[in-house]
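Line order of the protein sequences matches chains A and B.
Residue numbers for the first sequence follow my numbering, beginning at 23 and rising by one.
Residue numbers for the second sequence follow my numbering, beginning at 17 and rising by one.
Think of the hints as simulated: they come from the structure by calculation, not from any bench.
One or more of the hints may lead you astray.
To be verified - Now the in silico label distances, taken between C-beta atoms and shown as ranges:
hint: 1; chain 1: A; residue 1: A227; chain 2: B; residue 2: F108; range: 46 to 52 Å
hint: 2; chain 1: A; residue 1: L75; chain 2: B; residue 2: S187; range: 33 to 39 Å
hint: 3; chain 1: A; residue 1: I254; chain 2: B; residue 2: A81; range: 31 to 37 Å
Said to hold, decoys possible - Pulled from the structure, derived: some chain B residues nowhere near chain A, Cβ distances all over 12 Å:
hint: 4; residue: G125
hint: 5; residue: E150
hint: 6; residue: R161
Just so it is clear, CB atoms sit at the ideal spot from N, CA and C, and this is done for glycine as well.
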Amino acid sequence: MTAATTTYGARRRSAARELVSSIATIMTKELRSRMRGRRAFVVLTVYLAILALITYGMYLIVAPNAQNMAGGGFGGGGFGQANASALIGQSIFTALSILQIVLVCFIAPAFTAGQISLEREKQTLDLLVSTPMRPAAIVLGKLAAALAFVVLMIVAAVPITAIVLMYGGASIDDIVRQQLVLLATALLLGTVGLFYSALLKRTQAATVLTYITMLVLTLGTMLLFIFWTVVINQSDNGFGVGPVKRAPEQLLYLNPGIAMLDVVSTTEPGGFGGISGALNELRGINNFGGGVECFGDVCQPVDQFGNPIDGGGNGSSGYWWPRIGITFVVISALLALAAMRMVVPAGMRFAFGRRKRRPLVAAGPMGITDDVVAPLDDPADHDATKEQPR
Amino acid sequence: MTGIGSTIVPVVETRGLVKRYGDQLAVAGVDLVIGPGEIYGLVGPNGAGKTTTMKILATLLAPTAGEALVTGIGVTDDPLEVRRRIGYMPDFYGVYDDLRVWEYLDFFGRCYGVPANQRGPMIGELLDIVGLTEKRDSYVEALSRGMRQRLCLAHTLVHDPALLILDEPASGLDPRARVEMRDILRELRAMGKTILVSSHILPELGEMCTGVAIIDRGQVLRAGRIDEIERSLRATALLRIDLLGDETSAAAAEAWLGTEPMVGDVLRIETTDADRVRLEVPFDGPVDAQADLLRSMVAAGHRVLGYSQATSDLEEIFLKVTGQIDEQETAA
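Chain B extracted, bound-state conformation (with noise of 0.2 Å):
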C-alpha cells in the first residue's frame, strides 16, 4: 500500500471489491487506495480483472460485493457524481467517424455540461495536450489509430475530471505513438491528475508508473511501488555481467567469481557475437559489496564490459509473481 495521510481523501479506494458473472469471479476482492496525483498501474494478464475493476470504478457495472470510492464518492451512491470526477478510455471503443475532430470534444463537452463559453478555450487546450491541433477540423474517420487514441484521451480530460481511468490506453499503438502517449500522461500527472492505468505489459508501466498493483484472477497479488516489489520478490541481486573474450576467459571469470563469498551459481547466457560473453550472477550482499566485487574483477585481469543490476524487468517479476501462485495452488 501507498503510504497516504489519513486526513487526504485518496481518490481511488476498494475495499473487498467483488464481481461474479453467474458463477465466475471476474473480481475477487481487490483492494486498492490510490492518493492523489500518483499514476497507478493495474497490470494483469487478459482475463485478470482489470476491465472489471475499472468498469465498476467508472459506474459502468454495479459490484457484487465491497465497496469502491472516487474522490471518498460511493460509485453506487452517487454514480453521476462519480462520472463528473472521472474520465475513462474503454479498451476497445470506437469514435463518432462523421464528426470534425473539435465537434467530437465539443460534444462530450456539452455531455459533461460543460458551458459553451468555456468549451472553446477547453478544446483548444485539450487538442494542444494530446498533440492534434493542427487536426481540430479533420474528420475523425481520418486519424491515425495512434491519433484516435489521444483524442480519446483528449475526451476523457473535457470536465477536468480528477481521475482518469485508461483501460490498456497504448494497447496496439507503435512504438513511437507509445512514446507519445507516455509522455501525454507524464503531462497530465504534472497537471495534479490521478491516473489509473492498465496494461498486460509490465514495462510499458514500469518506467512511469508511482505504483502498480499485480492482478491475476481477480486478486491483487502484489501492490506498491515497483522498486519495493522487486525488492520483496528477490532476496538476491541478479548480476548481469558481460565480458570481452571467448570461451576461456569466460570460463576463467566463472571460475573467479566461483570463489567469491556471497556469489550464486553463475549462468552463462549464449550471445550471437563470438567475442563476447554474458554471464548472470546470482549476487546476495549489499550495493557496496556488488561495487567491491565489480573492482576486484577487473583488478583480477577480466575484461569487463558490462555490469549491472538485472533490475526493473517488470515481465520477470510478474511472472514471478503469478508463479508463486500457481506453485501454492499446486502445492495446496
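The following block holds chain A by itself, in its conformation from the complex (with noise of 0.2 Å):
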C-alpha cells in the first residue's frame, strides 16, 4: 500500500478540536464568498445609515416638543432639562430598539434561508458530504457564518445606540437587553432559514416558508392569543366575572416583537405608556384597576389593590425577554439538530450513525483500529468514536 501510507490527513485529534476546526472550514469558505466584493459593504452601510437617519428624525421630532412634554409629563414632575433630555434618549432607543428587531426579522432569514438548498442545487452539496466532514460541522458552519454578518450589523448599531446614553433615560443596562433580545431573535430566524434549506430542496420554498415563519411568530402569535382569550371569556357565561381567564401565554413566548417591546416598555417615552399598557394588558394585569405604579425612574406591575406583582423587581419589563430568549435558544438548537440530520441524503445517513463494532482484526492496513464504540444517536457527538484509545 503504498499511496495509503503517505496520507496527508494522517493526524488524527480529538473530537472537540476536529469539530471546531470543521466549522471553522466551512465558516471561513463561507464568509470567503460572503464578504468578498462590495455586497457585504454596502448592505452594512445602507443599514447603519438608516439607522443613523431615523436617531436623527427622532431627534428632530422629538427635542423641540421635549421641554413642554417633560414639564407636564407623566411622572416627571418639573425635573425640566434633566427630563427632556431623558425623553430624547428615550424616544430614541425605542425606535432604534423597534427599527431593528424589524430590520433583523427581515435579515436574518434571508442569509441562511438558501445555505444548503444552494448547495443542492448547484450540486456541491455531494462533494461536500463526501467528505469525512460531519454534517453537524456543516449545519453549525453554515449558521455561524450566517450569523457572523448579522451579529456584525447588530453589534455595528452599538454606536449609534449609545447616543441615547449622552442624552440619558436609558441605561446601559438597555443597551445590553436590547442586544441580546436582537442576537436570539437572529439565532432563531437564522436557525429556521437554515432548517427550511436543508428541509427542502429548492431555495425558493425554504425562502418563503422562512418569511412565513417569521410572519406567523411575530404577528401570528400575538393575533392567536388576543383572539384565543377574547373566545374563552365569551363562551365564559359569568363574563366580566371572576378572574379574565387567558390564553397559554407560552404563544407569546415565541414572539420576538414581544421581547423588544418589553425592554422598551421602561424605557418608553414618559416612563410609562402605550407600551407597558399593553403588555400589562397581554399578562392580564388590569390597567385600570392595577397596572403599573412608577416611583420616579422605577415603576413595577402591580394588581387592582396596587401589590406589587411578580416580586416587582425593574417595573414590569423584565417579566419576557428572559423567557422569549431562552425559548429562543431552545428552538434554534433543536431546529439544528434536525438540520444536521437532513443535510445528509437519506441514502447515506448510514455514514453517520451507530456503526457495528467490528473486530481489532478488520482494522486497515494502516493500523487504524475501530474498537472504541460509543453508542450515539446524535451526529454531533459521533466524533467520539473517532479518538485513539491511548
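With the hints in hand, could you dock these two chains into one complex?
Encoded structure:
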C-alpha cells in the first residue's frame, strides 16, 4: 500500500477540536464568498445609514416638544431640562430597538434560507458530504457564517444606539438587553432558515416558508393569543366576573416583537405609556384597576389593589424577554439538530449512524483500530468514536 | 478477474453487491476485484449501474445486499475511514463559483483534515499535476469546463487517497481536453494511485485501462483485460484489408481470398474513394498464418494498401457483449 501510507490527513485530533476546526473550515469558506466584493459593505452601510437617519429624525421630532412634554409629563413633574433630555434618549432608544428588531426579522432569514438548498441546486453538496466532514460541522459552520454577518450588523449599530447614553433615559443595561434580544432573534430566525434550507430542495420554497414562519412568530402568535383569549372569555357564562381567563402565555414566548417591546417598555418616553400598558394587558394585569406604579424612575406592575406583582423588581420590563430568549435558544438548538440530520441525503445517513462493532482484526492496513465504539445517536457527538485509545 | 496474489489486499473488492430502489434493481450482484495500481474501467450504457456502484464505494449509498470493501474496509463498517482513502468525482457536480482556485482546494484540504502547513505545498503540487498552476488565483467561475473538470479531479487528491473513483471524468469534454484528462490519469497511475473510472464510451477507456468490467442492467457481463475479453468473444480474427484498385481488382481479390483456407465470408465495405476498396475478412488462424496470407496475397499481385486486424474496436465488443445478453434472454 504505497499510496495509502503517505496520507496527508493522517494526523488525528480530539473530537472537540476536530468539530471546531471543521466548523471553522465551513465558516472560512462561507465568509470568503460572502464578504468578497462590495455587497457586504453596501448592505452594512445601508443598514447603519437607515439607523442613523431614524435616530436623527427622532431627535428632530422629539427635541422641540421634549421641554413641554417633560414639564407636564407622567411622573417627571418639573425636573425640567434633565427629563427633557431623557425623553429624547428614550424616544431614540425605543425607535432604534423596534426598527432593529424589524430589520433583523427580515434580514436574518435571508442569510440562511438558501445555505443548504443552494448547495443542492448547484450540485456542490455531494462533494461536500462525501468528505469526512460531519453534518454537525456543516450545519453549525453555515449557521455561524450567516450569523457572523448579522451579528456584525447588530453590533455595528451599538455606537448609534449608544447616543442615548448621552441624553440619558436608557442605561447600558437597556442596551445590553436590547442586544441580547436582537441576537436571540437572529439566532432563531437564522436557524429556521437553515432548517427549511436543509428540509426543502428549492431555495425559493425555503425562503418563502422562512418568512411565513417569521410572520407567524411575530404577528401570528400575537393575534392568535388575543383571539383565543377573547373566545374563551366569551364562552364563559360569567363574562366580566371573576378572574379573566387567558390563552396559554407560552404562545407569546415565541414572539421576538414582544421581547423587544418588553425591553423598551421601561424606557418608552415618559416612563410608562402605551407599550407597557399593552404588555400588561397581555399578561392579564388590569390596567384600569392595577397597572404599573411608578416612583420616579422605578416602575413596577401592580394588581388592582396596588400590590406589586412578580416580586416587583425593575418594573414590568424583564418579565418577557428572558423567557422568550431562552425559548429561542432551545428551539434553535432543536432545529439545528434536525437540520444536521437532513443535510445528509437519505441514502448515506448510515455513514453517521451507529457504527457496527468490528473486531480488531478488521483494522485497516494503516493500523487504525476501530474498537472504541460509543453508542451515540447524535451526529454532533459521533466524533467521540474517532478518538484514539491512549 | 485480474491476477492478484492472496497476500495483497485488493484496493476495491465487491461481493454480490446489490442496490435496489423500490422494485427497481440498479445493481444486481456485482463482483469486482481491483488490485493496487490499476486503472480499472466500468463500462456500460447509461443506467447500467455504474454510478450506483461507484456511489456505494464512495460511501454515498448503502448497498441493499452484498459487500463492498475499500482497502479491506467495509464501506458500511467504517464509512469515514473509507472516505479518507478515496477521492470521488461524481458524474454531475457543481463548483463553488465565488472561490478562487487555491481557496477551493484549500477548503477541501481542510475538509479532509490536511494540516495547515501541508496545504500550501499540496495545492501547488496538485495544480501542477492537473495543469492549472497559472489559474491559482482565478475565480472558479472563470474556468472552462475542461479546467473545472481538472480542478474537480485535483480536489479528489487533496488527502492523497489510495483510490480515485471518477464517474465519467471525460464526459462533455472536447477531444483535446479528453486527451489531457487521459494524460493526467496516466500520471496519477504512475504515482501509485488506483483508479476506478467509468464511461459509457468504450474507446475512451480502452487505451489506458489495465482492466475493464462491462456492466449492463446491474450485472457484470465481462471483466478482465480488454484483449482477454476480446479474445474470448472472438474465436476468429477480423482482418481489414485496404486495396488499391477498382471494382474488378476488388472482385479478383475476393475470389482469391475465397480460395484460401481459414478465410470466412468476405465483406466489401463501401468507401468514398473511387480507387480504393476495403474488405473485411474473418480469419480463423494464428498470427503467423495472418502474416503468410498477406505475403501470398501480395505475391498474387493484389495491391494491398493496408492490412490490419480490426482490434480494439471496443464499441463493437461492447455491443457484442450486451447483445449476447439480449439473445440469451430472447432464447429463454
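Cross-check of the supplied hints:
Restraint check, A/A227 to B/F108: a C-beta distance of roughly 22 Å breaks the suggested window 46 to 52 Å. A hinted range of 33 to 39 Å is violated for the C-beta pair A/L75 and B/S187, which are about 55 Å apart. In this structure the hint that A/I254 and B/A81 lie 31 to 37 Å apart at CB is violated, the actual value being about 58 Å. B/G125, annotated as away from the interface, has a beta carbon of chain A within 12 Å; the closest lies near 8 Å.
Here B/E150 stays apart from chain A, with its beta-carbon at least about 21 Å from theirs, past the 12 Å limit. For B/R161, the shortest C-beta to C-beta distance to chain A comes to about 14 Å, beyond the 12 Å cut-off, and the non-interface label holds.
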